[in-house]
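Enquirer: This is what each chain is made of:
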Amino acid sequence: MLSFVARRIVIAIPTVILISIFVFGLQKLLPGDPILAMAGEERDPETIAFLREKYRMNDPVWVQYATWIKGVVTGNLGISLRTNQPVTELIAQKLPVTIQLALMALVFALVIGIPAGILSAVKKGTITDYVANVVALSGLSIPNFWLGIMLILLVAVKWQALPASGYVPPGEDLWLSLKTMLMPAFVLGTALAATLMRHTRSAMLGVLKSDYVRTARAKGLAERRVILRHAFRNALTPIVTLTALLFGELIAGAVLTEQIFTIPGFGKLVVDAVFNRDYAVVQGIVLVTAMGFIVMNILADAAYFVLNPRLRKQ
Amino acid sequence: MNQPLLEVENLRFRFRGQEQDVVQDVSFRLGRNETLCIVGESGCGKSVTALALMGLLPQDSVQFGAGRIRFDGETFAPGDHDRIAKMRGDRMAMIFQEPMTSLNPAFRIGDQIAEAVERHRNCGHAAARARALEMLGKVGIPAPEQRFDAYPHQLSGGMRQRVMIAMALANDPELLIADEPTTALDVTVQAQILELIAELQAETGMGTIMITHDLGVVAEIATNVAVMYAGQVVEYGSARSIFENPQHPYTIGLMASVPSLTGPRRRLSTVPGVVPAIGQMPEGCRFSSRCPFAAPVCAARPDLAEQDPGHRVACHFAPLEQTLERSA
Numbered sequence: 001m002l003s004f005v006a007r008r009i010v011i012a013i014p015t016v017i018l019i020s021i022f023v024f025g026l027q028k029l030l031p032g033d034p035i036l037a038m039a040g041e042e043r044d045p046e047t048i049a050f051l052r053e054k055y056r057m058n059d060p061v062w063v064q065y066a067t068w069i070k071g072v073v074t075g076n077l078g079i080s081l082r083t084n085q086p087v088t089e090l091i092a093q094k095l096p097v098t099i100q101l102a103l104m105a106l107v108f109a110l111v112i113g114i115p116a117g118i119l120s121a122v123k124k125g126t127i128t129d130y131v132a133n134v135v136a137l138s139g140l141s142i143p144n145f146w147l148g149i150m151l152i153l154l155v156a157v158k159w160q161a162l163p164a165s166g167y168v169p170p171g172e173d174l175w176l177s178l179k180t181m182l183m184p185a186f187v188l189g190t191a192l193a194a195t196l197m198r199h200t201r202s203a204m205l206g207v208l209k210s211d212y213v214r215t216a217r218a219k220g221l222a223e224r225r226v227i228l229r230h231a232f233r234n235a236l237t238p239i240v241t242l243t244a245l246l247f248g249e250l251i252a253g254a255v256l257t258e259q260i261f262t263i264p265g266f267g268k269l270v271v272d273a274v275f276n277r278d279y280a281v282v283q284g285i286v287l288v289t290a291m292g293f294i295v296m297n298i299l300a301d302a303a304y305f306v307l308n309p310r311l312r313k314q
Numbered sequence: 001m002n003q004p005l006l007e008v009e010n011l012r013f014r015f016r017g018q019e020q021d022v023v024q025d026v027s028f029r030l031g032r033n034e035t036l037c038i039v040g041e042s043g044c045g046k047s048v049t050a051l052a053l054m055g056l057l058p059q060d061s062v063q064f065g066a067g068r069i070r071f072d073g074e075t076f077a078p079g080d081h082d083r084i085a086k087m088r089g090d091r092m093a094m095i096f097q098e099p100m101t102s103l104n105p106a107f108r109i110g111d112q113i114a115e116a117v118e119r120h121r122n123c124g125h126a127a128a129r130a131r132a133l134e135m136l137g138k139v140g141i142p143a144p145e146q147r148f149d150a151y152p153h154q155l156s157g158g159m160r161q162r163v164m165i166a167m168a169l170a171n172d173p174e175l176l177i178a179d180e181p182t183t184a185l186d187v188t189v190q191a192q193i194l195e196l197i198a199e200l201q202a203e204t205g206m207g208t209i210m211i212t213h214d215l216g217v218v219a220e221i222a223t224n225v226a227v228m229y230a231g232q233v234v235e236y237g238s239a240r241s242i243f244e245n246p247q248h249p250y251t252i253g254l255m256a257s258v259p260s261l262t263g264p265r266r267r268l269s270t271v272p273g274v275v276p277a278i279g280q281m282p283e284g285c286r287f288s289s290r291c292p293f294a295a296p297v298c299a300a301r302p303d304l305a306e307q308d309p310g311h312r313v314a315c316h317f318a319p320l321e322q323t324l325e326r327s328a
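First to last, the sequence lines map onto chains A and B. Take the first sequence: its position 295, counted from the start at 1, is 295 in full-length UniProt numbering, and no numbers get skipped. Take the second sequence: its position 213, counted from the start at 1, is 213 in full-length UniProt numbering, and no numbers get skipped.
The hints are all genuine.
With a straight-line cut-off of 30 angstroms between C-alpha atoms, the simulated DSSO-like cross-links for lysine-lysine are:
1) B:K86 x A:K124
2) A:K94 x A:K54
3) A:K94 x A:K28
4) B:K86 x A:K123
5) A:K268 x A:K179
6) A:K54 x A:K70
7) A:K268 x A:K94
8) A:K209 x B:K86
9) A:K70 x A:K268
Simulated DEER-style distance windows between Cβ atoms:
10) B:F76 x A:T126: 26 to 32 angstroms
11) B:A130 x A:G125: 39 to 45 angstroms
12) A:T128 x B:R16: 15 to 21 angstroms
13) A:L228 x B:S260: 50 to 56 angstroms
14) A:K124 x B:E19: 19 to 25 angstroms
15) A:V134 x B:M255: 53 to 59 angstroms
16) A:L228 x B:E19: 34 to 40 angstroms
17) B:T75 x A:D211: 30 to 36 angstroms
18) A:K124 x B:F76: 24 to 30 angstroms
19) A:G71 x B:G157: 55 to 61 angstroms
20) B:E19 x A:A222: 32 to 38 angstroms
21) A:V131 x B:Q146: 48 to 54 angstroms
22) B:D149 x A:T126: 38 to 44 angstroms
23) B:D149 x A:V134: 41 to 47 angstroms
Honestly, the hints are just simulated from the structure, not real lab data. In this text, all values refer to a predicted model and were calculated from it rather than measured experimentally. All residues carry an ideal CB built from backbone N, CA and C; glycine is no exception.
Assemble the whole structure, with the sequences as input and the hints as a guide.
Expert: Next up, the structure:
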C-alpha cells in the first residue's frame with residue numbers, strides 16, 4: 001500500500017513541475033504590466049526602473065522562474081502586489097474557509113446523491129426512477145446563484161431560520177459556524193448531488209447485471225444485502241473517483257456561492273486577484289488548486305487500493 | 001416408487017411484452033440421488049428454466065402461466081417468489097456457467113461461503129467459518145485455511161468453480177442445479193469438476209439438474225434426460241432410452257452432430273438452421289421449421305406422449321422409423 005502510494009507520488013512530480021512552468025508562463029503571457037500599474041499615474045521612469053529591479057523583472061526568464069520556484073519550495077509564494085501581504089499567508093487564511101464549505105457541500109452531495117442513485121438504479125423504469133431523474137436534472141439546471149438568492153429570501157429573510165450571509169470560524173463558535181455555512185453548502189451540494197446520482201445510478205445498473213450479484217441472490221441473501229453489500233461495494237470505484245474530482249472542483253468552483261453568501265473564501269480571493277492583476281496571488285492560487293487536484297487524485301488511488309483487492313499484491 | 005424430490009408440471013412463462021412463451025409446458029421429475037440432464041442448443045430455454053425454478057428471473061418482467069412445482073412434497077406455483085426465496089440457497093442451490101465472474105471480486109472467498117451459511121443456519125460467524133473451511137476441504141481446495149482469505153482473482157477458473165460448488169452445497173441442499181458448470185473450463189478440469197459433483201451427490205443424496213449441451217457429459221452422468229428445443233421439452237426419458245432409441249428428429253439430429261472417434265471420417269452432421277427468435281416460432285411443433293420430416297400435421301402441437309414406459313416424445317411421427325417405413 002505504502003509503496004503504491006509512494007509510486008503515485010513520484011509519478012505526480014513531473015506533473016507538478018509542468019504545472020509550475022505553466023503557471024509561471026501564464027503570467028508572463030497575460031496582457032498588462034503590473035509594474036506600470038504599481039508605478040501609478042505619473043509613470044516616472046526612475047520609479048519603474050526601481051520597481052523592475054526590486055521585483056527582479058530584468059533577470060532572464062529562467063532565472064525569474066528559478067527564483068520563484070525556490071520560494072515555492074520553501075513555502076514562499078511571493079508578496080501580493082496589492083496588499084503587500086505574503087501570498088502564503090493570504091491563502092492560509094482563505095483556504096480553510098473554502099475547505100469547510102466544500103466539505104459540508106460534499107456531505108450534502110453524498111447523502112443525497114448516492115442513496116438517490118442506488119434507489120433509481122434498483123427501481124429502474126418505475127416512477128421512483130423518473131422522479132429521481134427529474135429532481136437530478138433540476139439540480140443540475142438550476143443555477144447556483146438563483147437557488148442561493150431564493151434560499152436567502154425564504155430561509156433567512158422570511159423564516160429567519162438561518163443567517164443570510166457571512167462566515168464564522170468553527171474555532172470561534174462551532175454551532176454558529178455550521179449554521180452559517182448550511183445554506184451555501186446546500187446550494188453548492190445539490191448540483192453535485194445530481195452528478196453523483198447519475199453516476200451512482202449508471203455504476204449500479206452495470207453492477208446489478210453482473211454474475212456475482214446473481215450468485216448473491218442464488219445464495220438466498222436478502223435483496224437489501226445483495227444491493228448494499230455485493231452490488232454497491234463494486235459500484236464504489238467510479239463514485240470515489242468522481243467524489244475526489246468533485247472536491248477539487250468545489251474548491252475552485254465555490255466562487256459564485258461565496259460571492260452570494262459573502263463568504264471570505266478562496267473564491268473571493270481568486271476573483272479579487274484576477275481583477276487587480278495581482279499576479280503573485282493568482283500564481284499561488286492556481287498552484288495550490290492544481291496541487292489540491294493532484295492530492296485528491298492520489299487519495300482516490302489509495303481508496304481504489306482499499307476497495308479493489310485485485311490491485312493489491314498478488 | 002417413493003416420492004420424487006422435484007416434480008415440475010407444465011412450467012410455462014413469457015417475458016412481459018412478448019407474444020410467445022419462452023418456456024412452454026416443461027415437465028419433468030427428479031428423484032433423490034438422481035441426475036436429470038437438460039440438453040439442447042443455445043437459446044433453447046435450458047438456462048431460463050433453471051433460473052425460473054430458482055426464482056432468479058426478474059420478478060416484474062416474467063409472467064408465469066399455470067403449472068406447478070412440487071418440491072419434497074410441497075406444492076406451489078412457479079411464480080411464488082416468497083416461497084422459493086425461502087428455499088433458495090438453503091434447500092436448493094445453483095452453480096453457474098461462468099466461474100470467472102460469478103464470485104464477487106471484492107470479498108474473500110471464505111467469507112462468501114460463510115455468508116451463505118450464516119444466512120440460513122442462524123449460526124454465529126465462527127461456526128459459519130468452520131463450515132466454510134470444511135466445504136473448501138470437501139471440494140478439494142488445498143490448504144483451506146490459507147485459501148479462505150484468498151480473493152477470487154487469485155484462483156484459477158477450476159478453483160473458482162470449486163468455490164462456487166462449496167458455496168452452493170454449504171447448506172446441504174436437496175436440489176442442486178448446475179447450469180453448464182464446465183463449459184468455461186479446460187477439458188481436464190471439466191472431468192474433475194463433474195467427478196466432484198458426482199462424489200458429493202453420492203455423499204449427500206441430493207438431486208441434481210445438470211444443464212449442458214455436451215452429450216458426452218450426459219452419457220456419463222445422466223439418470224434421465226430432457227431434450228429441449230425452443231422452450232419445449234421434445235423428448236424425455238432415461239439416459240439409456242434416449243441414447244439407444246432417440247425418437248424425436250431433433251434428438252436424432254443432436255446425436256448425429258457428435259463427432260465420432262471411430263469409423264470413416266466425414267463432414268460433421270449438423271441440424272440446419274437456427275432456433276427461431278421468440279415471436280417467430282412456428283405454431284404447433286416449434287421444430288417444424290427445421291425438421292426434414294415436417295408435414296401439414298405439424299401445425300398442430302404434438303403432445304409429449306409416452307412411447308415406451310418412461311420415454312416420452314413430442315412428435316406426430318413417433319415412433320419415427322416405423323412411421324416412415326409404413327408411409328414408404
